[in-house]
Amino acid sequence: MTDAHTLIGAYLVDAVDDIERAEVERHLTECADCAEEARSLAPVTEALAVGAATRMPPGLRDEVLARARTTTQLTPRATTRRNAPTQRRAVPWWSAAAAVAAVALAAAGIGWWPSDDDEGAIATDVMMVTSAPDAHSMDLGWASGHVVMSAQLDAVAVMGAGAPAPDDGMAYQAWFEMSDGTVMAGPTFAPDVDGGFMTMTYADCDDIATILITQEPRGGSAAPTSSPLARLETHPA
Amino acid sequence: MEEQPRPRAVSLHEPASAEPLAESLRRIGRGDDAALASVIDTIGDAVYGVALRVVRDPELARDVAQEALLDVWRRAARFDRDAGTARSWILTIAHRRAVDKVRTEQAHHDRMDLHGSTLSATVETQDDVVDAAQRQWEAARVRRGLGGLTALQREALELAYYRGFTHVEVASALGIPLGTAKARIRDGLIRLRDAWEVES
Numbered sequence: 001m002t003d004a005h006t007l008i009g010a011y012l013v014d015a016v017d018d019i020e021r022a023e024v025e026r027h028l029t030e031c032a033d034c035a036e037e038a039r040s041l042a043p044v045t046e047a048l049a050v051g052a053a054t055r056m057p058p059g060l061r062d063e064v065l066a067r068a069r070t071t072t073q074l075t076p077r078a079t080t081r082r083n084a085p086t087q088r089r090a091v092p093w094w095s096a097a098a099a100v101a102a103v104a105l106a107a108a109g110i111g112w113w114p115s116d117d118d119e120g121a122i123a124t125d126v127m128m129v130t131s132a133p134d135a136h137s138m139d140l141g142w143a144s145g146h147v148v149m150s151a152q153l154d155a156v157a158v159m160g161a162g163a164p165a166p167d168d169g170m171a172y173q174a175w176f177e178m179s180d181g182t183v184m185a186g187p188t189f190a191p192d193v194d195g196g197f198m199t200m201t202y203a204d205c206d207d208i209a210t211i212l213i214t215q216e217p218r219g220g221s222a223a224p225t226s227s228p229l230a231r232l233e234t235h236p237a
Numbered sequence: 238m239e240e241q242p243r244p245r246a247v248s249l250h251e252p253a254s255a256e257p258l259a260e261s262l263r264r265i266g267r268g269d270d271a272a273l274a275s276v277i278d279t280i281g282d283a284v285y286g287v288a289l290r291v292v293r294d295p296e297l298a299r300d301v302a303q304e305a306l307l308d309v310w311r312r313a314a315r316f317d318r319d320a321g322t323a324r325s326w327i328l329t330i331a332h333r334r335a336v337d338k339v340r341t342e343q344a345h346h347d348r349m350d351l352h353g354s355t356l357s358a359t360v361e362t363q364d365d366v367v368d369a370a371q372r373q374w375e376a377a378r379v380r381r382g383l384g385g386l387t388a389l390q391r392e393a394l395e396l397a398y399y400r401g402f403t404h405v406e407v408a409s410a411l412g413i414p415l416g417t418a419k420a421r422i423r424d425g426l427i428r429l430r431d432a433w434e435v436e437s
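Going down the list, the sequences are from chains A and B. Residue 1 is where the first sequence starts when you use our numbering, and the numbers rise one by one after that. Residue 238 is where the second sequence starts when you use our numbering, and the numbers rise one by one after that.
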């Protein structure tokens, strides 16, 4: 297809379609010269954007904050963790917006790396926790599940094989009750058709006193809205 | 607004970034919505301003800005500090959302209509401009930079960056070959980079 070298400029101003964007991003992981050119030109588009600053309309800030409270977040990639057992090649942050491109390429029958596919990333992140040298596992007492914690990584994974499908429009959510009693919202997750599930998040393992699972509206809640389905007293590593 | 329990700050072994925005993204990645508020206060006007320049309609721009900031919330943990600045990451999300919006919302022929398009970097209405010295300086810097480009480079960048045209549409609108459109965009960016490096 088109020569990715010549598209660097267009790519940086988003004057490309999703397929071209994915090709350029893949090329940038393979070509040091183009990666360097992109790096040196990125501040230019940054300055164009900053120069366009215009006062936000009233209420926009509060709307965003309100919606964020019920919006789930992606977990970090294994590559950005200093203690990851294997390092993948550093990925330019431009690929953070590649989800649309991945869908387009999947439709065209082309696979590419890196993929921003959430499920694959979650499995990798969970494996990172379970393979940590100090990983220790505890029976969750629900859904044939268990919890794996690594104090070294400050990471907690929750997984299992037998979760029932949540109610319509709902998902499961993990919670961490800390030693001072505050309850921290954890990730939401849903089982696949066979009841299997897995999720992970970063948290201060030494400080977690209890892990809870509840059912919440899909998208998650800021605080539990129903009684726990599972309650696991954890102990500092 | 009700008080939400703050997520526990995780004891980290990573050094704090020299860039405050990157530090905020790190905290957002851990679910800290106070850090999101801080990011909005720091860069929300640029996010909205980019959206407004591209989609032109204030209501659409508001939607784009909201979705872009929520994208920042969703994806903050994926930001890789080694690959670029936090500010650049956030504003790229904003610009891409604006460009996607304008490409899906507007009929192709509407976008290709260049009548009345402004080929300079001046902001549409003075009333909208935040009257702060820093903002004025940044806007002036962009105007100076664009003023230093050739007319051909400037018009290519105007259509691509500020109007959301693909390079194919730029070529078509200006009646030039694809290669020329790509080269003008690239050369314009290089020229801006060199001009601003000299300035700083």
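Calculated directly from the structure, the hints in this document are not laboratory data. Treat the numbers as computed from the prediction; the structure is a model and nothing was measured. Treat the hints with care, since some could be wrong.
Ranges of calculated distance between the beta carbons of each label pair, as one might list FRET restraints [to be verified]: (1) Asp180/A <-> Ile427/B: 47 to 57 angstroms; (2) Ala32/A <-> Thr279/B: 45 to 55 angstroms; (3) Ile427/B <-> Gln152/A: 25 to 35 angstroms; (4) Gly59/A <-> Arg381/B: 28 to 38 angstroms.
If you want the ones that stay clear, here's a sample from chain B, every Cβ over 10 angstroms from chain A, calculated [what the hints assert, rightly or not]: (5) Glu256; (6) Glu260; (7) Gly384.
Just a sample of chain A residues kept apart from chain B, beta carbon distances all over 10 angstroms, derived [unchecked claim]: (8) Pro43; (9) Ala49; (10) Glu63; (11) Val126; (12) Ala165; (13) Tyr202.
For every residue, glycine included, the Cβ atom is placed at its ideal position computed from N, Cα and C.
For each hint, the structure was consulted:
1. Asp180/A <-> Ile427/B: 47 to 57 angstroms: Distance hint for Asp180/A, Ile427/B holds at roughly 54 angstroms.
2. Ala32/A <-> Thr279/B: 45 to 55 angstroms: Taking Cβ atoms as reference, Ala32/A and Thr279/B lie about 32 angstroms apart, which means the hint is violated.
3. Ile427/B <-> Gln152/A: 25 to 35 angstroms: Violated: the Cβ-Cβ distance is about 45 angstroms, outside 25 to 35 angstroms.
4. Gly59/A <-> Arg381/B: 28 to 38 angstroms: 34 angstroms, holds
5. Glu256: 12 angstroms, holds
6. Glu260: Answer for Glu260/B: holds, closest chain A Cβ roughly 15 angstroms.
7. Gly384: Holds: least Cβ distance 12 angstroms, greater than 10 angstroms.
8. Pro43: 7 angstroms, violated
9. Ala49: 4 angstroms, violated
10. Glu63: 6 angstroms, violated
11. Val126: Given a closest Cβ separation of 15 angstroms, the condition holds.
12. Ala165: 24 angstroms, holds
13. Tyr202: Violated: least Cβ distance 6 angstroms, not greater than 10 angstroms.
Hints 2, 3, 8, 9, 10, 13, counting from the list given before, are not met by this structure.
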